[in-house]
Amino acid sequence: MENRNGCKLVDLPESTRRKDRFSFTLLVVIIVLIPVLVESKYYLIVLNIIGLNTIVVVGLNLLIGFAGQISLGHAAFFGLGSYFSGILTANYGFPHWPAMVVAMLATGAIAYLIGYPALKLRGHYLVMATLGFGIIINILMGELEQFTGGHDGLIGIPPLSVGGLTFDNDLKNFYLIWAFVFFCMLVARNLLDSRVGRALRAIHGSEVAANSLGVNTSSYKVKVFVLSAMFASVSGSLYAHYITFISPSTYDFYYSIQVVTMVIVGGMGSLWGSLFGAAILSFISEALHVAKQYHIIAYGVFLSLILIFLPEGVLVGIQHFYQSKKLQRLIAVKTPFLLWFNRF
Amino acid sequence: MSNSDSILELVNVSINFGGLQAINRLSFQVESGQIFALIGPNGAGKTTAINMITGIYPPAEGEIYFEGQVLSGKKPYQVTRMGIARTFQNIQVFQNMTVRENVMVGLHTRSRSEFVRCLLHTPMVRKEERMIRRRCNEILEFMGLASKAGLLAAGLPYGDQKKVEIARTLATEPRLLLLDEPAAGLNLQETHEMSHTILMIRETGVTVLLVAHNMDLVMGISDTITVLNYGEKIADGSPAEIQNSDKVVAAYLGREPW
Ligand SMILES: Nc1ncnc2c1ncn2[C@@H]1O[C@H](COP(=O)(O)OP(=O)(O)OP(=O)(O)O)[C@@H](O)[C@H]1O
Ligand SMILES: [Mg+2]
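Chains R and H are the protein sequences, given in the same order. Quick note: the first sequence uses our numbering, first residue 1, plus one each step. Quick note: the second sequence uses our numbering, first residue 1, plus one each step.
Just so you know, these hints were derived from the structure itself, not from any lab. Everything numeric in this text was worked out from a predicted model, so none of it was measured. Watch out, some of these pointers could steer you wrong.
[Unchecked claim] Pairs of lysine to aspartate or glutamate residues, derived as EDC-like cross-links and limited to a Cα-Cα distance of at most 20 Å, are as follows: (1) H:Lys75 <-> H:Glu232; (2) H:Lys233 <-> H:Glu31; (3) H:Lys75 <-> R:Asp193; (4) R:Lys19 <-> R:Glu207; (5) H:Lys127 <-> R:Asp170; (6) H:Lys74 <-> R:Glu207; (7) H:Lys148 <-> H:Glu138; (8) R:Lys19 <-> H:Glu129; (9) H:Lys75 <-> H:Glu63; (10) R:Lys120 <-> R:Asp252; (11) H:Lys247 <-> H:Glu232; (12) H:Lys127 <-> H:Glu138.
Model the full assembly from the supplied sequences, consistent with the hints where possible.
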């Protein structure tokens, strides 16, 4: 899909929808087939972690990749989802689905309180505000012992259930988590392909121009920040009910960095890139099962390499590589796969 | 309002940046249906005047009226919703979006679906989306951009990017259009096309405020000209009157030939 100047031709929106329908169908097929192919319980756990991270990363990418704002506090929103769900169900016997909705709304409200003042000001105040907020929330998880169980963690969180079906093992949680991944990606896709999504991308392109075309840019930035916090909260709730035990160390600053890295590796502003970024980095994290200090170094090196060699992210970078004339001449025959790949 | 035909009126408007008096007690009226030109040497304050009208900088003193309503204190997006649109001297197309998408953003004020509806892709969203597509195609056709609709704006030649900016503002359905140096950087042929486009836009009933350096363009198409120098109005009148004004010639000769 290149024109003579080597400049990428973007598909008409109608075909974008069709190709997305295909990708989403493929995603469903893969989700259904994976447990048949993967027998090891260990890999199933890794896949579940990938799914939970994908939900956070898709939400964060709406903020970073489309509205051009950065949050270093998403561990806190993920954690608020976990702790609200955990405390309400384990300590107060709240029904779990309503608890999850309450958690999501409460997290959204808290995000609004942080985002509203931070995004009113021009500049990188959101980064500072979320960084500080993340650290404070993480400390509170340890200190508010009577509610959170302190550093020892909160135990006895019940698994989720629908009708008679209780999601009490890795396989059942696999289907549950990936159903949520599918749904989250679908609504994110809807948003991006709409009036609001275009306005968000316009803010990224030129804030002053978006404003002068009638977009209330500061309000949109706050709203997308709240939305991305809600995505993280949902993932946090799912995590709490899946593992049934939560403790503060899961929600430290390191996790905030991790999800930002996943967005960048997958490609800022690329929906399918979010899935890709979450998948490879979660996998690498599990593979390098060493102390966290080394993790951080490995992440730093990895992130630097990506930013230097593939600044658009790995998935988009690979696509551009495939689209480059040189390679297409090399391959000479455009395989159907390549054509399909080009269409992203 | 002293004149019922005027669509825009500035009354003793001033602004300063630090010690610099960028605009000093500027007053003028733009009549409905006109092509009104604002000219002056570099740094005269033309862009600043547009920025004040559109709410980017609130004026320190004075009032601005649009169709009799006070503009001062309104944010840029609110000014747009009232019926004023603008282009930028330094191009501000959305480089990360296609030509079509750029114009679709211009239709933001013409549609209403917010976050929740868009997330769920409700029937209302679908209906609006069809309307947006249809309007967008009409505008692309009008601006001669239809064949480039699917191209990324970043890859377009300069002249086309200028057209995209104008197309996008037309999508907001303005009654007053502010064009900041629409012909800057264009060659002779493109400048000619641009004056044709501006005349066509006026034909559709839109009042145009034109900021320009290019005298051929200004003299050829404007009805009224106001000349700024160091933030102050030094002359106004018809193109013929301005061309024969000693003050204007002196202001321009001091800096840049025309
Ligand atoms: N945001 C700002 N901060 C400080 N000074 C400014 C600002 N905007 C404009 N100025 C100054 O105000 C004066 C008028 O600038 P303006 O851009 O309005 O001129 P102009 O008539 O549009 O010139 P040009 O023909 O070069 O576009 C200049 O001296 C400029 O440096
Ligand atoms: Mg200027």
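Hint by hint, where does the structure go against what was stated? Just the numbers, ascending. 1, 3, 4, 5 and 10
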